[in-house]
Amino acid sequence: MLIFKTILASAILLLSLVVAMYSTLIERKIAGFFQDRLGPNRAGPWGLLQPLADGIKLFFKEEFMPNTADKFLYILGPSLTMLIACLTSAVIPWGPDIVINGQVFSLQMADVNIGILYIFAIVSIGVYGIMIGGWASNNKYALLGAVRASSQMISYELAMSLSIITIVMMSGSLSMRDIVNQQQGFNWNIWYQPLGFIIFLICAFAETNRSPFDLPECETELVGGYHTEYSSMKLGFYLFSEYINMFISGAVMATLFLGGYHFPFIDKLGLSPNAFAFVSFLVLFAKITFFGFIFMWVRWTLPRFRYDQLMRLGWKALIPLAILNVLITGVVILLNQ
Amino acid sequence: MFSNYIFYFLSALALYSSVMVLLSKKPIHSVLYLTLTFFAIGGHYILLNAQFLAIVHIIVYAGAIMVLFLFTVMLLNLNKEERSPKPIWVKAAAILAGIMLGLVLIGVFRGYDLRLIQHPMESQIGLVKELGKILYRDYMLPFEVSSILFLTAMVGAVLLGKKEQI
Numbered sequence: 001m002l003i004f005k006t007i008l009a010s011a012i013l014l015l016s017l018v019v020a021m022y023s024t025l026i027e028r029k030i031a032g033f034f035q036d037r038l039g040p041n042r043a044g045p046w047g048l049l050q051p052l053a054d055g056i057k058l059f060f061k062e063e064f065m066p067n068t069a070d071k072f073l074y075i076l077g078p079s080l081t082m083l084i085a086c087l088t089s090a091v092i093p094w095g096p097d098i099v100i101n102g103q104v105f106s107l108q109m110a111d112v113n114i115g116i117l118y119i120f121a122i123v124s125i126g127v128y129g130i131m132i133g134g135w136a137s138n139n140k141y142a143l144l145g146a147v148r149a150s151s152q153m154i155s156y157e158l159a160m161s162l163s164i165i166t167i168v169m170m171s172g173s174l175s176m177r178d179i180v181n182q183q184q185g186f187n188w189n190i191w192y193q194p195l196g197f198i199i200f201l202i203c204a205f206a207e208t209n210r211s212p213f214d215l216p217e218c219e220t221e222l223v224g225g226y227h228t229e230y231s232s233m234k235l236g237f238y239l240f241s242e243y244i245n246m247f248i249s250g251a252v253m254a255t256l257f258l259g260g261y262h263f264p265f266i267d268k269l270g271l272s273p274n275a276f277a278f279v280s281f282l283v284l285f286a287k288i289t290f291f292g293f294i295f296m297w298v299r300w301t302l303p304r305f306r307y308d309q310l311m312r313l314g315w316k317a318l319i320p321l322a323i324l325n326v327l328i329t330g331v332v333i334l335l336n337q
Numbered sequence: 001m002f003s004n005y006i007f008y009f010l011s012a013l014a015l016y017s018s019v020m021v022l023l024s025k026k027p028i029h030s031v032l033y034l035t036l037t038f039f040a041i042g043g044h045y046i047l048l049n050a051q052f053l054a055i056v057h058i059i060v061y062a063g064a065i066m067v068l069f070l071f072t073v074m075l076l077n078l079n080k081e082e083r084s085p086k087p088i089w090v091k092a093a094a095i096l097a098g099i100m101l102g103l104v105l106i107g108v109f110r111g112y113d114l115r116l117i118q119h120p121m122e123s124q125i126g127l128v129k130e131l132g133k134i135l136y137r138d139y140m141l142p143f144e145v146s147s148i149l150f151l152t153a154m155v156g157a158v159l160l161g162k163k164e165q166i
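Chains as they are written, first to last, in this note's numbering: chain L, 1 to 337; chain S, 1 to 166.
Where hints are given, some of them may not hold.
With beta-carbon atoms standing in for the labels, derived distance ranges [what the hints assert, rightly or not]:
| no. | chain 1 | residue 1 | chain 2 | residue 2 | range |
| --- | --- | --- | --- | --- | --- |
| 1 | S | I88 | L | M109 | 52 to 60 angstroms |
| 2 | L | V332 | S | K26 | 46 to 54 angstroms |
| 3 | L | D308 | S | T72 | 33 to 41 angstroms |
| 4 | S | G161 | L | N41 | 24 to 32 angstroms |
| 5 | S | L47 | L | M109 | 13 to 21 angstroms |
| 6 | L | I75 | S | Y5 | 22 to 30 angstroms |
Selected chain L positions facing chain S (in silico; Cβ < 10 angstroms) [claimed, not checked]:
| no. | residue |
| --- | --- |
| 7 | N67 |
| 8 | D70 |
| 9 | F120 |
| 10 | I122 |
| 11 | V123 |
| 12 | Y128 |
| 13 | M131 |
| 14 | A136 |
| 15 | S150 |
| 16 | I154 |
| 17 | E157 |
Everything labelled a hint here was simulated from the structure, so no lab data went into it. The structure presented is a predicted model; accordingly, all values stated were derived computationally and were not measured. Ideal Cβ positions, reconstructed from N, Cα and C, are used throughout, including at glycine.
Using the sequences and the hints given, assemble the complete structure.
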């Protein structure tokens, strides 16, 4: 059991790293497509070796640390960001149970009965890496970026939590596995909670610092935001963790709203348990890819928000809508009883 | 016992980081050490099989309150170390108050039967189902009244924060 868990944990970690690596390439390809150019195509066929080349470049670049920086915290910032980005995948069910030699294994690292709250906790401590890094650089732009990041994340966390509460109310459980198992076939939560889904999607953009909410690293005003003073692989960690966060938040959205690994008629195919698990995993992966595409699509379509617009949208539009959504869900559940 | 070692490690971490909250020169370091203390205490909750309490502890303290602390300290840029030493009577008063608090705590805990908790994993009280039953069945009224208290505090904060005259 322990061996299986170790293999699963390593596999998921490896998967999220590889996906994050190739997301950078796909992002640039999509950007090229949107702007009517080709995108990177020099390294390897269709530019497939480009992420590798980027990684090598980042590793071998000169390491620079500002004189006035707080040394320990300066290094802690990117490490913490990377660590926290990798933590969330522990409670996501990646597929139905598989059977090896008559033993049943679950494709979920930890089926804690508070899975959703665990995700909240990780999301809410995710801002520490950015804040610590931005402050430790001892640079005005970095500090402004860090302060922006924290206020943005606090504001959007509220609407995000309120939109998930409706899911918890409907399913009556905080466990990710229970929530997925209640969305068998085409009985997905998005049909019951379209408003909650839209609110969650917008907040996911803000929490992952993606455009149009990428104010913490807004180049035109803040040079590079919180990572202005970072170079080499420390910068790489900051940029890389953004792609991991995108992958994981896509997985969370697919799990909570799009039925996780369920797909209509998939149980009618008459597959053996292991093949069934594999196909289900592919279904989940396709949904995550879909969300990844939305993240990139929005980035290359919408301009960046102004800071007061961002705050107004969070506090005066999303939170009231989310509370309204909770009220409506409560009334409907009461009437159906 | 593996969990015993975790207990000792978490306790040492909690004590060390809470002492460092006081000893750190820079306010930011104090805030970060306090966050570390909260994480260590959250680990203790998990050892007692109180997953819900642990995660709520981390969401509320580490995720919300300490981020706001950090935010405020950064915004005010309390970077410089405290220059002016405190007057002697402030130090004396602080020491006296600390000793008195210590005496009260010792007095309180002397009455308790401080034993190791046997089989902490059998206790279900910290799980969300049991806690919800207790809160919404036995303590319904105090729970709801405390939420009104929070609302009052929020309205009061907004009122104080408004710049123009009301």
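We went through each hint and held it up to the structure:
Taking 52 to 60 angstroms as the suggested C-beta distance range, the pair I88/S and M109/L conforms, at roughly 56 angstroms. At roughly 52 angstroms, the beta carbons of V332/L and K26/S sit within the given window of 46 to 54 angstroms. A C-beta distance of roughly 20 angstroms is found between D308/L and T72/S, which places it outside the suggested range of 33 to 41 angstroms. Taking 24 to 32 angstroms as the suggested C-beta distance range, the pair G161/S and N41/L does not conform, at roughly 54 angstroms.
With their beta carbons about 20 angstroms apart, L47/S and M109/L fall inside the hinted range of 13 to 21 angstroms. Between I75/L and Y5/S the beta carbons are some 28 angstroms apart, a value that agrees with the proposed interval 22 to 30 angstroms. The interface hint given for N67/L is violated, since its Cβ lies 15 angstroms from the closest Cβ of chain S, which is over the 10 angstroms cut-off. Here the hint on D70/L is kept, as its CB sits about 8 angstroms from the closest CB of chain S, short of 10 angstroms.
Hint on F120/L holds. Least Cβ distance to chain S is approximately 5 angstroms, under the 10 angstroms limit. For I122/L, the shortest C-beta to C-beta distance to chain S is roughly 9 angstroms, which falls under 10 angstroms, so the interface hint holds. With its C-beta approaching chain S no nearer than about 8 angstroms, V123/L sits inside the 10 angstroms limit, and its interface hint holds. Satisfaction of the interface hint for Y128/L is found here, the shortest Cβ-Cβ separation to chain S being roughly 7 angstroms, below the 10 angstroms cut-off.
Restraint check, M131/L versus chain S: the minimum CB separation of about 6 angstroms is within 10 angstroms; hint holds. The restraint placing A136/L at the interface with chain S holds, with a minimum CB-CB distance near 9 angstroms, inside the 10 angstroms limit. This hint holds: S150/L has a C-beta 5 angstroms from the nearest C-beta of chain S, less than the 10 angstroms allowed. The interface hint given for I154/L holds, since its Cβ lies 6 angstroms from the closest Cβ of chain S, which is under the 10 angstroms cut-off.
Satisfaction of the interface hint for E157/L is found here, the shortest Cβ-Cβ separation to chain S being roughly 8 angstroms, below the 10 angstroms cut-off.
Figure legend: structure checked against the earlier numbered hints; hints not met, in rising order: 3, 4 and 7.
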